[in-house]
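Colleague: Below, each chain spelled out in residue letters.
There are 2 protein chains.
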Amino acid sequence: MSSPVDKMLRQRVSWLADSGPEDDIAISSRIRLARNVSGFPFPINASRQKLASLFEKVKLAVECSNCIKNPLMIRIDEIPKIDSQILLERRLISREMLAEKACPAVIFSEDESHSVMINEEDHLRIQAMRPGLQLSEVWAAADEMEKGLSQNLKFCFSPELGFLTSCPTNVGTGLRASVMLHLPALSMAGQMNAVLQAIGKLGLAARGIFGEGTENLGSLYQISNQSTLGEAESRIIERLESVVRQIISHEKNTRKILFEKKREFLLNNVGRAYGILRHSYIISSQEALNSLSSLRLGVDLGMFSSVDIHKVNELFLLVQPAHLQKYASKELDSAERDVFRAKIIREKLQSQGN
Amino acid sequence: MSSPVDKMLRQRVSWLADSGPEDDIAISSRIRLARNVSGFPFPINASRQKLASLFEKVKLAVECSNCIKNPLMIRIDEIPKIDSQILLERRLISREMLAEKACPAVIFSEDESHSVMINEEDHLRIQAMRPGLQLSEVWAAADEMEKGLSQNLKFCFSPELGFLTSCPTNVGTGLRASVMLHLPALSMAGQMNAVLQAIGKLGLAARGIFGEGTENLGSLYQISNQSTLGEAESRIIERLESVVRQIISHEKNTRKILFEKKREFLLNNVGRAYGILRHSYIISSQEALNSLSSLRLGVDLGMFSSVDIHKVNELFLLVQPAHLQKYASKELDSAERDVFRAKIIREKLQSQGN
Numbered sequence: 000m001s002s003p004v005d006k007m008l009r010q011r012v013s014w015l016a017d018s019g020p021e022d023d024i025a026i027s028s029r030i031r032l033a034r035n036v037s038g039f040p041f042p043i044n045a046s047r048q049k050l051a052s053l054f055e056k057v058k059l060a061v062e063c064s065n066c067i068k069n070p071l072m073i074r075i076d077e078i079p080k081i082d083s084q085i086l087l088e089r090r091l092i093s094r095e096m097l098a099e100k101a102c103p104a105v106i107f108s109e110d111e112s113h114s115v116m117i118n119e120e121d122h123l124r125i126q127a128m129r130p131g132l133q134l135s136e137v138w139a140a141a142d143e144m145e146k147g148l149s150q151n152l153k154f155c156f157s158p159e160l161g162f163l164t165s166c167p168t169n170v171g172t173g174l175r176a177s178v179m180l181h182l183p184a185l186s187m188a189g190q191m192n193a194v195l196q197a198i199g200k201l202g203l204a205a206r207g208i209f210g211e212g213t214e215n216l217g218s219l220y221q222i223s224n225q226s227t228l229g230e231a232e233s234r235i236i237e238r239l240e241s242v243v244r245q246i247i248s249h250e251k252n253t254r255k256i257l258f259e260k261k262r263e264f265l266l267n268n269v270g271r272a273y274g275i276l277r278h279s280y281i282i283s284s285q286e287a288l289n290s291l292s293s294l295r296l297g298v299d300l301g302m303f304s305s306v307d308i309h310k311v312n313e314l315f316l317l318v319q320p321a322h323l324q325k326y327a328s329k330e331l332d333s334a335e336r337d338v339f340r341a342k343i344i345r346e347k348l349q350s351q352g353n
Numbered sequence: 000m001s002s003p004v005d006k007m008l009r010q011r012v013s014w015l016a017d018s019g020p021e022d023d024i025a026i027s028s029r030i031r032l033a034r035n036v037s038g039f040p041f042p043i044n045a046s047r048q049k050l051a052s053l054f055e056k057v058k059l060a061v062e063c064s065n066c067i068k069n070p071l072m073i074r075i076d077e078i079p080k081i082d083s084q085i086l087l088e089r090r091l092i093s094r095e096m097l098a099e100k101a102c103p104a105v106i107f108s109e110d111e112s113h114s115v116m117i118n119e120e121d122h123l124r125i126q127a128m129r130p131g132l133q134l135s136e137v138w139a140a141a142d143e144m145e146k147g148l149s150q151n152l153k154f155c156f157s158p159e160l161g162f163l164t165s166c167p168t169n170v171g172t173g174l175r176a177s178v179m180l181h182l183p184a185l186s187m188a189g190q191m192n193a194v195l196q197a198i199g200k201l202g203l204a205a206r207g208i209f210g211e212g213t214e215n216l217g218s219l220y221q222i223s224n225q226s227t228l229g230e231a232e233s234r235i236i237e238r239l240e241s242v243v244r245q246i247i248s249h250e251k252n253t254r255k256i257l258f259e260k261k262r263e264f265l266l267n268n269v270g271r272a273y274g275i276l277r278h279s280y281i282i283s284s285q286e287a288l289n290s291l292s293s294l295r296l297g298v299d300l301g302m303f304s305s306v307d308i309h310k311v312n313e314l315f316l317l318v319q320p321a322h323l324q325k326y327a328s329k330e331l332d333s334a335e336r337d338v339f340r341a342k343i344i345r346e347k348l349q350s351q352g353n
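The listed protein sequences correspond, in order, to chains B and A. Residue numbering for the first sequence follows numbering that gives the first Met the number 0, beginning at 0 and increasing consecutively. Residue numbering for the second sequence follows numbering that gives the first Met the number 0, beginning at 0 and increasing consecutively.
The hints are simulated quantities; they were obtained by calculation from the structure and are not laboratory data. Among the hints, a few may not be true.
Given that identical chains are not distinguished, each listed pair holds provided it fits within a single copy or across any two copies.
With a cut-off of at most 25 Å between alpha-carbon atoms, the simulated BS3-like pairs for lysine-lysine come out as follows [claimed, not checked]:
id	residue 1	residue 2
1	K342	K260
2	K261	K329
3	K255	K342
4	K56	K100
5	K80	K329
Pulled out of the complex, with its shape left as it was, chain B reads as follows:
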């Protein structure tokens, strides 16, 4: 019998596989809303029993409101470790939820575009994702989910402060809006440090998407708001979108300059990345992510007409440890993963016919 996670793996991830505005550079947009339910202690203070009953209450609220279609409901402490790793790699749960916590759970739609993490730092983390730059659309989706859930859940709210959260940095709107950007040209041109500094000065945060200290990996950056207090959601989102559009324009200009003025340097970087992905038999996660990043740029520049950019997006997911092992249907140690990763990438790119 297949687990819910196995079922999920057979489905399409809409935010990776579908097209969206500016999706040559903006891979996906995400809104996350932190909420806590009145009458329950915050997760850090609550008993296992309380949190389990909270999960049941949220399940009911999801079902009643129908705010997530055909929802998969998974308690993290009831599934194999590899399955929870898969959920983490797909950004459906947070790294903190893998630790020994009371009753962490997640409820999400088939296409993974709508989800609610339960018993993370806060009771609920309502999350909506879409491909490309679609911050208004994901905000509308998250807001609608929240409204639906609030019909059956009373959220902790203070008229002065707004929504109350475990960590003071989330108080107010409880909103984190973020866009995942692919910035290979700015990386190649050595301009990312300047860009990251500017982002910091504008009150936004930039993080690598594969966890702490992975800023350079795959040239993938998640740009998000830092402050959640004293501003309307729409204003936070507008500010973020404005900065993201500037970064996208900067990346596009840099691609153009590289293509016109440092053509061989650019083609060499992209060509070698493709050659290695297509023909290596051992490849580390780091080299794979960085090579996929260069390949993705090459696809966008028209160098590989038969490679679909969404397939490259999916490879970013597939080369990660848990996905690899799930794909192999067995446990693999680090050296075995490097061999299997190379095999999968070779096969996937070969099937793209280049």
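Model the placement of chain A on the given structure of chain B, informed by the hints.
Modeller: Then chain A, alone, in the frame of chain B:
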């Protein structure tokens, strides 16, 4: 009007393009005989005029004996520098002959298998080359050339010492027999140091083929006799051949072991080399030679069924600076060569259809 060197470049190099025994590992066999002509001072002491008249005398002797068919006769000081570089890269002249010397010249057959260098360290360096391991055959060819020339040239000979030469290390037979070996598996397995030490102890020499200090480049080694005195030619050649056969067998075993026990390591090395050759846009001479070496091993292991091993042999020649510039029909600086080298390799491998 095209120069003799341009004409040569349009012809087939038999020792690279043809098949020979053991030519998966033994690329070519070569015999070189040092001879000096009585009545002429050794080159180091002779006037330009004397050496010029010696060249005329040798030309006549070649023509009368017909020991080199349709010979090309080239005075190095009369051709452009790039053309003499081409002759050097094709091993038809020595590096010393590029320096300011009196009347250095070379006479060679269309297929480059038979040649005579003139006014190098000695008056004559008679040279025969063949593909694969064919020491007896090249010895017979060189011996026949020498016999032919001796009908019209009296060689300096001492009944006690044998043939007399400028450098005492060549006195006696004046013979240097050598085999160019491709030893990528021994290199990968880290066994070349041990092999080189053993070769030294057996009184043989091993050199990189691209000049001093290039031992590791392309895993190509020239194994040759050191001593020329006190032994018959046939005995010198037998000893060399016996050692060469042992090295070939050692390389074959190592390939087998790598293929069976360290399969991914081997495939990864070969696959990456192919990927880089096939898709890079900037490649140094060193990286090209080392990658071609791995590719050549891969072709021998059957990984690239549509790539012809002799085409890879020819690429070893083509990626060198003078050949590249001749191919481009213009002077190229080092950075331009790296770009053009990558282009040529991409094109040649693409036309091989892999």
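Colleague: One pair to classify: K56 and K100, alpha carbons no more than 25 Å apart. Within, between, both, or neither?
Modeller: within (18 Å within a copy, 96 Å between copies)
Colleague: Are the CA atoms of K255 and K342 at most 25 Å apart within a copy, between copies, both, or neither?
Modeller: Result: close only across copies, 22 Å inter versus 33 Å intra.
Colleague: Classify it for me, K80 with K329: is the Cα-Cα distance of at most 25 Å met within a copy, between copies, both or neither?
Modeller: within (13 Å within a copy, 63 Å between copies)
Colleague: Are the CA atoms of K342 and K260 at most 25 Å apart within a copy, between copies, both, or neither?
Modeller: between (35 Å within a copy, 18 Å between copies)
Colleague: 25 Å Cα cut-off: does K261 pair with K329 within a copy, between copies, both or neither?
Modeller: Between. Shortest inter-copy distance 22 Å satisfies the 25 Å Cα cut-off; intra-copy 44 Å does not.
Hint check: no violations occur; every hint is consistent with the structure.
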